[in-house]
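Model the full assembly from the supplied sequences, consistent with the hints where possible.
Throughout, our numbering is defined as the position within the sequence shown, counted from one, plus 409.
Just so you know, nobody snuck in bad clues.
Calculated lysine-lysine pairs in the DSBU-like style (CA-CA distance at most 35 angstroms, straight line):
| # | residue 1 | residue 2 |
| --- | --- | --- |
| 1 | Lys432 | Lys491 |
| 2 | Lys544 | Lys491 |
| 3 | Lys491 | Lys443 |
| 4 | Lys443 | Lys475 |
| 5 | Lys544 | Lys432 |
| 6 | Lys552 | Lys443 |
| 7 | Lys435 | Lys451 |
| 8 | Lys435 | Lys475 |
| 9 | Lys483 | Lys451 |
| 10 | Lys432 | Lys507 |
| 11 | Lys483 | Lys435 |
| 12 | Lys443 | Lys432 |
| 13 | Lys544 | Lys435 |
| 14 | Lys432 | Lys475 |
| 15 | Lys451 | Lys432 |
| 16 | Lys507 | Lys483 |
| 17 | Lys552 | Lys432 |
| 18 | Lys544 | Lys451 |
| 19 | Lys475 | Lys491 |
| 20 | Lys507 | Lys552 |
| 21 | Lys491 | Lys552 |
| 22 | Lys483 | Lys432 |
| 23 | Lys552 | Lys483 |
| 24 | Lys507 | Lys475 |
| 25 | Lys443 | Lys544 |
| 26 | Lys491 | Lys435 |
| 27 | Lys483 | Lys544 |
| 28 | Lys475 | Lys552 |
| 29 | Lys475 | Lys544 |
| 30 | Lys491 | Lys507 |
| 31 | Lys507 | Lys443 |
| 32 | Lys507 | Lys544 |
| 33 | Lys451 | Lys491 |
| 34 | Lys475 | Lys451 |
| 35 | Lys552 | Lys451 |
| 36 | Lys507 | Lys451 |
| 37 | Lys507 | Lys435 |
| 38 | Lys552 | Lys435 |
Think of the hints as simulated: they come from the structure by calculation, not from any bench. Source: prediction; values computed, not measured.
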Amino acid sequence: MKILVTLILGSIALLFLLGFFSKPPKTLGVTNGKLAQCTEAKNCVSSQAGDEAHSIAPIEATGASKRVTTLLTKSINAMGGKVVSIEGPYLWAEFTSKVFRFVDDVECYYDQESGVIHIRSASRVGYYDFNANRKRVEELRQKFLAHN
410 MKILVTLILG SIALLFLLGF FSKPPKTLGV TNGKLAQCTE AKNCVSSQAG
460 DEAHSIAPIE ATGASKRVTT LLTKSINAMG GKVVSIEGPY LWAEFTSKVF
510 RFVDDVECYY DQESGVIHIR SASRVGYYDF NANRKRVEEL RQKFLAHN
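Okay, here's the thing in structure tokens:
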């Protein structure tokens, strides 16, 4: 019984440490109008993904870049996220899970010419996220459209 309790407590401690020490990926940002592709892990969605498992629709938007990033910021803040940086039409935010403090990165790139916000949401650790990133993007879409 003591071994089982020790294993459970050790696993919980390891999960906390993974969440606490996770670092932002080096692939953040936009290159030639593209966000980074999702890896094979099932913990990422992107409006620019080429496969169905990771694909999600972009968010429709119009207006100046500053206006769109301001509305995205309001929406992200309302969801409990934290905007880390905004550079022109690009926005990067972090969402931290309540229990294990896992951090997910959300990137938004407003393509004004196409009238869409390309979005990528990915977990820093783990392989599967139980659709948390997909649900987050859909919630962000609803909040953004409500603010728009």
